[in-house]
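A.B. asks: Residue numbers (our numbering), protein chains in the order written: chain H, 2 to 247; chain X, 2 to 247.
A couple of the hints might just be wrong.
One copy or any two copies: either way a pair holds, since identical chains are not told apart in the list.
[Unchecked claim] Calculated lysine to aspartate or glutamate pairs in the DMTMM-like style (CA-CA distance at most 20 Å, straight line):
no., residue 1, residue 2
1, 211, 17
2, 94, 216
3, 112, 162
4, 56, 228
5, 73, 175
6, 112, 163
7, 211, 177
8, 72, 137
9, 73, 166
10, 72, 162
11, 112, 235
12, 211, 235
13, 94, 78
14, 211, 175
15, 94, 163
16, 237, 78
Just so you know, these hints were derived from the structure itself, not from any lab.
Number of protein chains: 2
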Amino acid sequence: MEILVIPSVNEARMDDLANKTVIVIDVLRATSTMLTALAHGCRAIIPVETVLQAKQLQQPGYLLGGERACKKIPGFDYGNSPFEYMDDKITGKHLIMTTTNGTRAIQKSLKASTIIAASLLNGKACAKEAAALRRDIVILCSGTQDIYSLEDGICAGQLIEELQDILLSTGGIEPEINDLGLSMLYAYRQVQGNMTQALLNCSNGKRLSKLGFTDDIIYCSRLNLIDLVPIIQDGKLIATPVNQFI
Amino acid sequence: MEILVIPSVNEARMDDLANKTVIVIDVLRATSTMLTALAHGCRAIIPVETVLQAKQLQQPGYLLGGERACKKIPGFDYGNSPFEYMDDKITGKHLIMTTTNGTRAIQKSLKASTIIAASLLNGKACAKEAAALRRDIVILCSGTQDIYSLEDGICAGQLIEELQDILLSTGGIEPEINDLGLSMLYAYRQVQGNMTQALLNCSNGKRLSKLGFTDDIIYCSRLNLIDLVPIIQDGKLIATPVNQFI
């Protein structure tokens, strides 16, 4: 089994992702926020690329969420802060969500066999799910404006650490990992005891701190807080309890 | 001061390197081998891209070195193994060298203010030199066939570790480091006590081991063995004793 880490969305070619398990990461903040919404009872998330698409798909009772340049879009119900989605009003509802990077990564993975949305908050659950599927895995870091982002790479390292353990213990499998993946694994091991500080020190961490979102960074840096796996089904992101598959 | 790490040659744009201190890395094996040749008295190394260029530039007394697909080029004096260059015959001689990746990286840096060739063997010396120049620094990992190579990234991490220490202690400077650079710094810290194993486990390490070059990997994984800084002057790589500049 191969595990390939891709550093940012623009370096992913759709054909390379075909028929594989693709794990999309956007730690700050899209995949962390989507997971939080699903954990608070959101029924399904429809990821879209543009604000116009979001408005066109809207139906009565659907909620709109997303950000541009880290800020809530005018007329939308929610921005991209996970704390906004810890909200009873979201329970049972559909959410249409547009984000700068995370959504593009999901769109680029549409030929994949399975698309999973991962963050530090559910890395272990996602690794269990991906390992159980027994296909080659592509870990697609969203990055920011086509540039690699540290927090996504660290999450890739977390996934590889967990995947190695699970694959070895459940099937005696030692996956082939590309050099970027190995580097991320080492970086993750180095900072795992001090994850919040690592995220506060990276480019997006500094930017979000300046905009007043320090609490978001602290929350998004917590490891394995939520035992759910968001998976794309018919174009919608649905929460799957991890134990169903293993 | 900014420190930017670029993961492979094809991602470097010549204009981004203009007027900066560029540190080129090709740990396995071009920059390690060039350094070894200079440490054994080679007078100057002329890096070229093609075998034809190497032959056209040859003059009486000049030696030819280089590899294609890890093997010595027919008719050349030396391949790309550092052990070949630990040779009295090289003392005082010019060496024309063509390698697959390292040379391309040097060629791409020609608008730089200064071009330094680094490896794990002389990371500390190169960091001292680059810090003393007090310009923005680009660390250009050669990679392999346009793909990121772990050993170059780890060496970038070594350089950043040393640069941070020197800049802070000599000028109170805290450099701005891009997210890839921070990731490489963390990865370097994680593996620095076990560098040989890290290099044996990466893609180039596995490939070279299969070809019988395990000793090269072990040698190239040694930290700060040689206190020389190869710098490009008039298109030639010349050894500079590090203490001259600090």
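A.B. asks: Would you mind marking each hint as holding or not holding in the structure?
C.D. replies: Each hint, compared with the structure:
no., hint, result
1, 211 with 17, "neither (37 Å within a copy, 27 Å between copies)"
2, 94 with 216, "neither (26 Å within a copy, 62 Å between copies)"
3, 112 with 162, "neither (26 Å within a copy, 41 Å between copies)"
4, 56 with 228, "neither (31 Å within a copy, 63 Å between copies)"
5, 73 with 175, "neither (43 Å within a copy, 33 Å between copies)"
6, 112 with 163, "neither (25 Å within a copy, 44 Å between copies)"
7, 211 with 177, "between (40 Å within a copy, 16 Å between copies)"
8, 72 with 137, "neither (36 Å within a copy, 32 Å between copies)"
9, 73 with 166, "neither (39 Å within a copy, 40 Å between copies)"
10, 72 with 162, "neither (33 Å within a copy, 35 Å between copies)"
11, 112 with 235, "within (12 Å within a copy, 51 Å between copies)"
12, 211 with 235, "neither (38 Å within a copy, 46 Å between copies)"
13, 94 with 78, "within (12 Å within a copy, 72 Å between copies)"
14, 211 with 175, "between (42 Å within a copy, 19 Å between copies)"
15, 94 with 163, "neither (32 Å within a copy, 53 Å between copies)"
16, 237 with 78, "within (19 Å within a copy, 62 Å between copies)"
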